[in-house]
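*Asks:* Sequence:
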Amino acid sequence: MITHAASSDAVAGCDSSTRPPSVGLGGALRRAWVGYQRRLDTAMADAGFGERKFPDGRVLRLCSGQAGSTISAVGRELGISRQGASKVVGHLRDRGYVAVAESATSKREKSVVLTSRGIDYLRVQRAAARAIEDELRVALGGEQFSGLFTLLDALDNGEGERMRTYLQRSTHRGQDGGS
Numbered sequence: 078m079i080t081h082a083a084s085s086d087a088v089a090g091c092d093s094s095t096r097p098p099s100v101g102l103g104g105a106l107r108r109a110w111v112g113y114q115r116r117l118d119t120a121m122a123d124a125g126f127g128e129r130k131f132p133d134g135r136v137l138r139l140c141s142g143q144a145g146s147t148i149s150a151v152g153r154e155l156g157i158s159r160q161g162a163s164k165v166v167g168h169l170r171d172r173g174y175v176a177v178a179e180s181a182t183s184k185r186e187k188s189v190v191l192t193s194r195g196i197d198y199l200r201v202q203r204a205a206a207r208a209i210e211d212e213l214r215v216a217l218g219g220e221q222f223s224g225l226f227t228l229l230d231a232l233d234n235g236e237g238e239r240m241r242t243y244l245q246r247s248t249h250r251g252q253d254g255g256s
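In this text, residue positions in the sequence shown follow the numbering used here: the first is 78, and each later residue adds one.
Note that these hints are calculated values from the structure, not bench results.
Owing to the predicted nature of the structure, the values given are computational and were not obtained by experimental measurement.
Using N, Cα and C, we set each Cβ at its ideal position, and we do this for glycine too.
Errors might be hidden in some of the hints.
Claimed, not checked - Here are the simulated PhoX-like pairs of lysine-lysine, each with C-alpha atoms no more than 25 Å apart in a straight line:
1) K164 - K187
2) K130 - K164
3) K184 - K164
4) K130 - K184
What the hints assert, rightly or not - For each label pair, taking beta carbons as the anchor points, the in silico distance ranges come out as:
5) P132 - G224: 28 to 38 Å
6) E186 - E238: 24 to 34 Å
7) A109 - R185: 20 to 30 Å
8) L228 - S180: 41 to 51 Å
9) E186 - G219: 43 to 53 Å
10) T182 - A109: 40 to 50 Å
11) R138 - D233: 12 to 22 Å
Hey, can you work out the whole structure from these sequences and the hints?
*Replies:* Structure below.
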């Protein structure tokens, strides 16, 4: 039987003898997120997508609808200037993930749509995420794995707020002098 401490250690990638005793839940959650991202990075690199940068996946998801997106919409979603969004989109275009064209509705706007490579990137990323989850479910056992979601749901407190909403709100607070 896996104890609570052992299951937490398996997720964090260390055993209790190597974990600093002062690491609290917040630190453990951040380490777990980094560990998850590293596993995802490795899987993406193994599939030929090793040049991943922040916020590539997020921008590709924004542009994945049939109508794509616009550079301005990407900027608003990321909380950055249109110029910054244009740079991010330009890097994705240069690597073959998106195509940029004149907007059908505005001469000032550019439409951004996924290329087949961008579509493949998102497909591979979803499959890699499922594989990581399946691996952890097997390593921990179904009950322990479900316990992780119980913890995460308790932290969410039923709010269901998405990270982008939280980050946008935090960014705006910082701009208007709030904390």
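*Asks:* Now, for every hint given, state plainly whether the structure supports it.
*Replies:* The hints, checked one at a time:
1. K164 - K187: Distance of about 13 Å is within 25 Å: holds.
2. K130 - K164: holds, 13 Å
3. K184 - K164: holds, 19 Å
4. K130 - K184: violated, 30 Å
5. P132 - G224: 28 to 38 Å: Once the Cβ atoms are compared, 31 Å apart, the range 28 to 38 Å for G224 and P132 holds.
6. E186 - E238: 24 to 34 Å: Holds, at about 29 Å.
7. A109 - R185: 20 to 30 Å: Once the Cβ atoms are compared, 43 Å apart, the range 20 to 30 Å for R185 and A109 is violated.
8. L228 - S180: 41 to 51 Å: Since L228 and S180 have Cβ atoms about 44 Å apart, the given range 41 to 51 Å holds.
9. E186 - G219: 43 to 53 Å: holds, 48 Å
10. T182 - A109: 40 to 50 Å: holds, 43 Å
11. R138 - D233: 12 to 22 Å: Check passed, 21 Å falls within 12 to 22 Å.
In this structure, the earlier hints numbered 4, 7 are contradicted, and the remaining ones agree with it.
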